[in-house]
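Colleague: Sequence:
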Amino acid sequence: MNPIKIVLTDDHELVRDGIKSLLESEKEFHVIDEASDGVEALEVVALQNPDLLIVDIRMPKMNGLEVVKEMTKSFPHIKKLVLSMHDSEEYVVEAVEAGADGYLLKGSSKSEFLKALHTIAGGGKFFAGDVSAYIINNFVNGKAKSSSKSEVLPEELANLTNREKQILELILEGKGNNEIADALDISKRTAEVHRFNLMKKMNVKNLAELTTKSRDLNLI
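Residue 26 in the numbering used here is what sits at position 25 of the sequence shown, and the numbering runs on without skipping anything.
Since the hints were made in silico from the structure, they are not lab data. There may be inaccurate statements among the hints.
[Stated by the list, open to error] Here are the computed lysine to aspartate or glutamate pairs in the DMTMM-like style, where the Cα-Cα straight-line distance is at most 20 Å:
#1 K116 x E91
#2 K62 x E113
#3 K6 x E35
#4 K176 x D186
#5 K107 x D217
#6 K74 x D38
#7 K166 x D217
#8 K74 x E113
#9 K201 x E165
#10 K62 x E29
#11 K107 x E91
#12 K201 x D217
#13 K6 x D52
All chains should be modelled from the sequences, with the hints used to inform the complete structure.
Modeller: Here it is, written out as structure tokens:
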């Protein structure tokens, strides 16, 4: 049996090298090419026609979800595995809506990574992380209607921008402004502004109130 041809897309060379090294001993998989941004990924895919694309969410020029969405239209036969540091339902749902065949966290084990590749290459779906089975099963089976955030979320969350939701997630992970700025590649001042707007929209005055509100909304 011919190995599964993989194109690997991540803007960090170290990450790509790590994944290639991990797959070197796996005869059923072969990394045939790489890309360092979303635009390059689409160019490489068109040139190489791989069986499977592994793509990071956060990349320059075009993010991973945009790449997956474009590939679903232009290259529907190619399988797509999204890699991410985020295990929030919002990201997973967006990935599924874009046409991803799988969603895996970057902190996953080698065995889980290989399981994801085998499952997706075999025509299945693979989603990891702290994700609602109801949401995934419904979207994967095409039974769910397109989700309007204002219809499925409490008012406080529905009014948040995507960036503010990212900030909220990081705050609930215990991250400070400096760590948030580093994680999102923004300035500390920008992180502080987003945090201020988030607290205002959530109608809380401090971290303790935000934690309590988040617990009431079943976010933690």
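Colleague: Next step is simple, just say for each hint if it's right about the structure.
Modeller: Now for the hints, and whether the structure bears them out:
Taking the CA atoms of K116 and E91, the gap is near 23 Å; set against the 20 Å cutoff, the hint is violated. About 29 Å separates the Cα atoms of K62 and E113, which puts this hinted pair outside 20 Å; it is violated. Restraint check: the Cα-Cα separation between K6 and E35 comes to about 11 Å, which is no more than 20 Å; the hinted pair holds. For the given pair, K176 sits about 14 Å from D186 by alpha-carbon distance, which is consistent with the 20 Å threshold.
Distance check on the hinted pair: K107 and D217 sit about 29 Å apart at the alpha-carbon level, beyond 20 Å; violated. Taking the CA atoms of K74 and D38, the gap is near 19 Å; set against the 20 Å cutoff, the hint holds. The straight-line distance between the Cα atoms of K166 and D217 is roughly 16 Å, inside the 20 Å bound, and the hint therefore holds. A distance of roughly 28 Å separates the Cα atoms of K74 and E113; the hinted pair therefore is violated under the 20 Å criterion.
For the suggested pair K201 and E165, the alpha carbons sit about 11 Å apart, so the restraint of at most 20 Å is met. As the CA atoms of K62 and E29 are separated by approximately 32 Å, the hinted pair breaks the 20 Å bound. Taking the CA atoms of K107 and E91, the gap is near 17 Å; set against the 20 Å cutoff, the hint holds. At roughly 17 Å between alpha-carbon atoms, K201 and D217 fall within 20 Å of each other, so this suggested pair holds.
Restraint check for K6 and D52: the C-alpha separation of about 5 Å stays at or below 20 Å, so the hint holds.
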